[in-house]
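A.B. asks: Spelled out, the chains give:
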Amino acid sequence: MEIFLASFGFGLITAAVLAIAAVGFTLQFGVTDVLNLAFGAVMIAAAYVAYWLNQAGLDIWLGLLVASVAGAALSWLLNTVVYAPFQRRHASPIALVIVALGMTLIIEFGLQAIVGGTSVSYTMASGRTVQAGGLQLTVVQLVIMALAIAVMVCIHVLLTYTRLGKAMRATAANRPLARTCGIRSGRVINLTWLISGALCGCAGTVFAMNAGSFNATSADLFLILILAAVFLGGPGRAYGAMLGAIVIGLATEISAAYVTPSYKDVIAFLLLFVMLAWRPTGVLGAS
Amino acid sequence: MSDAVVFYTVTLIVYGVVDVIACLGLSQQFGVAGVTNFGFIIFQAAGAYTASVLSLPSDHANGGFQLYVGGLNLPFPLPWIGAAIVGGLVALPFVFLVGKRLRGDYVAIGLLVAAVMANLIVTNYRSFLNGAAGLSLVPSPLQSRLNPQSLRYQWGYAVVGILLALLTFWFCRRLTESPYGRALRAMRENDLVADSLGKNLRVLRAQMLVVGGAIAGLSGGVLVGFINLWAPSAWGYAETIVLFAAVIIGGAGNHLGAVLGAILVPLGFEEATRFVPAFGPPGLIPAFQWVAIGLLVVIFLRLRPQGILPERRRRLATPAAVSGLTTGDSLASLPLGRRPGPSHGRDRHDDVLEVRGVSREFGGVRAVDDVSFVLKEGHLTGLIGPNGAGKSTTLALLAGTVPVTGGRIVYRGQDITTMPAYQRARHGIIRTFQLASEFKRLTVLENLLSAVPDQPGESFMGAVAGRRHWRAAEKVHLADAAALLERFGLSAQSNAYAGELSGGQRRLVEIMRALMARPDLLLLDEPMAGVHPELAALIGEELLRLCSRGMTIVMVEHELSYMDRFCDPVIVMSEGRVLAEGAMTDLRRRPEVVEAYLVG
Chain G
539 MEIFLASFGF GLITAAVLAI AAVGFTLQFG VTDVLNLAFG AVMIAAAYVA
589 YWLNQAGLDI WLGLLVASVA GAALSWLLNT VVYAPFQRRH ASPIALVIVA
639 LGMTLIIEFG LQAIVGGTSV SYTMASGRTV QAGGLQLTVV QLVIMALAIA
689 VMVCIHVLLT YTRLGKAMRA TAANRPLART CGIRSGRVIN LTWLISGALC
739 GCAGTVFAMN AGSFNATSAD LFLILILAAV FLGGPGRAYG AMLGAIVIGL
789 ATEISAAYVT PSYKDVIAFL LLFVMLAWRP TGVLGAS
Chain F
134 MSDAVVFYTV TLIVYGVVDV IACLGLSQQF GVAGVTNFGF IIFQAAGAYT
184 ASVLSLPSDH ANGGFQLYVG GLNLPFPLPW IGAAIVGGLV ALPFVFLVGK
234 RLRGDYVAIG LLVAAVMANL IVTNYRSFLN GAAGLSLVPS PLQSRLNPQS
284 LRYQWGYAVV GILLALLTFW FCRRLTESPY GRALRAMREN DLVADSLGKN
334 LRVLRAQMLV VGGAIAGLSG GVLVGFINLW APSAWGYAET IVLFAAVIIG
384 GAGNHLGAVL GAILVPLGFE EATRFVPAFG PPGLIPAFQW VAIGLLVVIF
434 LRLRPQGILP ERRRRLATPA AVSGLTTGDS LASLPLGRRP GPSHGRDRHD
484 DVLEVRGVSR EFGGVRAVDD VSFVLKEGHL TGLIGPNGAG KSTTLALLAG
534 TVPVTGGRIV YRGQDITTMP AYQRARHGII RTFQLASEFK RLTVLENLLS
584 AVPDQPGESF MGAVAGRRHW RAAEKVHLAD AAALLERFGL SAQSNAYAGE
634 LSGGQRRLVE IMRALMARPD LLLLDEPMAG VHPELAALIG EELLRLCSRG
684 MTIVMVEHEL SYMDRFCDPV IVMSEGRVLA EGAMTDLRRR PEVVEAYLVG
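Those protein sequence lines, which keep their order, are chains G and F. Residue 539 is where the first sequence starts when you use the numbering used here, and the numbers rise one by one after that. Residue 134 is where the second sequence starts when you use the numbering used here, and the numbers rise one by one after that.
Misleading hints may appear alongside valid ones.
[What the hints assert, rightly or not] Chain F is nowhere near these chain G residues, computed Cβ spacing over 12 Å in every case:
(1) Leu603
(2) Phe647
(3) Thr661
(4) Leu685
(5) Gly724
(6) Ile792
[Stated by the list, open to error] Taking beta-carbon pairs under 7 Å as the criterion, some of the chain G residues facing chain F (in silico):
(7) Leu573
(8) Ala594
(9) Ala633
(10) Gly640
(11) Leu643
(12) Ile644
(13) Val658
(14) Leu810
Since the hints were derived computationally from the structure, they do not count as laboratory data. Beta carbons: idealized from backbone N, C-alpha and C, even for Gly.
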């Protein structure tokens, strides 16, 4: 039981980090139609922005804020300079995925050329340990979970109650139709890159906090967890991604406790494969 | 040459040969067939591991310092053959990913993730293939009888490698330059349309995965026999991107381009940077290499997506014999016509197709709502209705492009409601599309030939059997195609890419392509849109002539004068339902029809 509770706690934290990233990824893909595999690379780049500020003496939570802005800026730039020109020339989805992989190499190893191959950690107090219903969590971990919940509420409000959110959903459902209905899809797409980019930067920093130490290529495997969560919930579906994040987070950590930690990502991979084969639109999606 | 230079040269040649073989496999898969396998490196790794454990002795032999399965101690060339076979077999679990339902980019993601996971599992599961440390002391081929360190052995290895690369090139070329290769390229250009012409996408893609996998496996076997070790660090997922970079830069779809790319990117790149004086901390130069690979891919896709050596245009000579035909000659004088339907041979006015209460919902909207009608053999039936009436969806339901959500479709006595589109096409139900659907990077002639139903060279084995096996059939079909082109005035464009034609010409290509399939039931979606009225009239007359020879045709068209002239009966649809059916002259007198369509 203790093992279960401990792994359940780890699972919740992984789910929290994953939820922020997966919602960002799925919004990005749903609205802009770019399957941005460089998402993980941008996450780590933003985490390094927080690291540099942290090294300069800034509190890491302020660093998190700046990293989110950096993630937004970098994602917007990535679209404006790279993806958008391809889309304007009607490049195939496959060509865009290949471009995204190329950008992954450029960002990841460009970063590695700057920061070197060794891992780094933030300077931060992990806070005291809190006992909650048999779960042992540090204050930092609790803050990460609270942050994830706050982000999910914000996304819910954005999508349900604001004009922008409705425009994003409309653009995701049918871009030409949204445009003829007077939605300025170019503006919606730019804002989507900024918002999802901010989520990406935020996710990168909390991922780095949670992992303890990180380097330029740390997010490679985490990207697979993100993809699994996104496809479990159905690509482009924000609420599906939240659900997917919880399932994947818990499944990987609990299986790590009972099987072996080396294979914990394999279960995410298997779930992703099952989803692709059985229901590519996600458990909540139409068949 | 000094010994050191020889060893270096031979190493370069062997690495080059391995890259060339792998890139040819990828070129066949991705460049020709459009199957994006981001897990390509798995197959090379599978081949290398297979060759290793087949040639290594049992894992107790060397004091048990490394663990692995197998250890069969097999003599050359069995390890290499095994490498190719296992490389092909490894593709089988991925076949379920490449059916037509799944988007190409999702397939790519699935395979990419598989590559990462395979590496993770092999790294962590030590007793399988010795984990992260990998396998070492892998025997060189024939090392018990020859001395692998001798110069003659080294040169011999290089020559055998080159011969294998040539063999791979010859094999890929044989596949690609056959009717089978044409079907693969058609699938690459537009898989939905290829499906509607009777190509089994799942089988074609599965064959490509297996063939590409076997070729990749062979390359792995050749490599491991030379370097004598193999570990997970040699086949990270990013290595696949290097091979993609090579194929894209060399020219996807052109096997010579793949060879060039293999020499320029994986080989040239690694070697060029070897001579850069070391600078910065360790790992800096490899990091720059990866950045450069990424930049090369992005820049080439942006500025020269066709690569250095673009896919070349296949010019086909049309037989001179048929050019005696003039535009006055009718199609009836051509061997074209319908193929016999499944239970053909009954009376002329048999019911060809019976549609019973068919419906189709899209997210709660009933695009087609409880539609029933019967198509009589030898009739040109018109299908009209305002925009959004469900005409195109109805055609898609009949052809199987879109599955029904309710009702039944019976074709010549056989229930085909759940039959997939490619099988319906093989039974003689051929459709055209409302939007342009020509295979853009196939020539006009190739577009026409791609639809032919009975080409022995269109199967994998037929292509392997070689030109002799399919040349005669090809000649007949070329004559048919040439006659059709002449009839519709497109002879001058025979060898132009279909993507270069005007809108009206593309329409014609599509109709001719459908006729080349010798349909029993032809479903035409706005065949005359954008076509010059004189030519449209010619098309109409030819269609009537084909009907008089037993073909059954349904035509969606907005221009009512064509309905008046050619179609009887005419079905009127509105809001997903059949509003009326009958002769056009009668329909014009019916108020509900006039209200729904003719006026509004």
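A.B. asks: It remains to establish, for every hint, whether it holds in the given structure.
C.D. replies: The hints, checked one at a time:
Non-interface status of G/Leu603 relative to chain F is upheld: no Cβ of that chain comes within 12 Å, the nearest being about 29 Å off. Listed as a non-interface residue, G/Phe647 fails to keep its Cβ farther than 12 Å from every Cβ of chain F; the least gap is roughly 4 Å. Residue-level check passed: G/Thr661 sits 23 Å from the nearest beta carbon of chain F, beyond 12 Å. Every CB of chain F is more than 12 Å from the CB of G/Leu685 (nearest about 28 Å), matching its label as outside the interface.
With a least CB separation of 20 Å from chain F, G/Gly724 remains clear of the 12 Å interface cut-off, as annotated. Distance check on G/Ile792: its Cβ is at least 18 Å (rounded) from any Cβ of chain F, clearing the 12 Å threshold; non-interface status holds. For the restraint placing G/Leu573 at the interface with chain F, the shortest Cβ-Cβ distance is roughly 5 Å, inside the 7 Å limit, so the hint holds. Restraint check, G/Ala594 versus chain F: the minimum CB separation of about 22 Å is more than 7 Å; hint violated.
With a cut of 7 Å, the hint placing G/Ala633 at the interface with chain F holds, because the nearest CB-to-CB distance is about 6 Å. For G/Gly640, the suggested interface contact is upheld, since its CB lies about 4 Å from the closest CB of chain F, less than 7 Å. Evaluation of the G/Leu643 hint against chain F yields a held restraint, the C-beta minimum of about 3 Å falling below 7 Å. With 7 Å as the threshold, the beta carbon of G/Ile644 comes within range of chain F, its nearest partner Cβ sitting at about 4 Å, so the hint holds.
For G/Val658, the interface hint is violated, the least distance from its beta-carbon to any beta-carbon of chain F being 14 Å, above 7 Å. Hint status for G/Leu810 relative to chain F: holds, with the closest Cβ pair at about 6 Å, below 7 Å.
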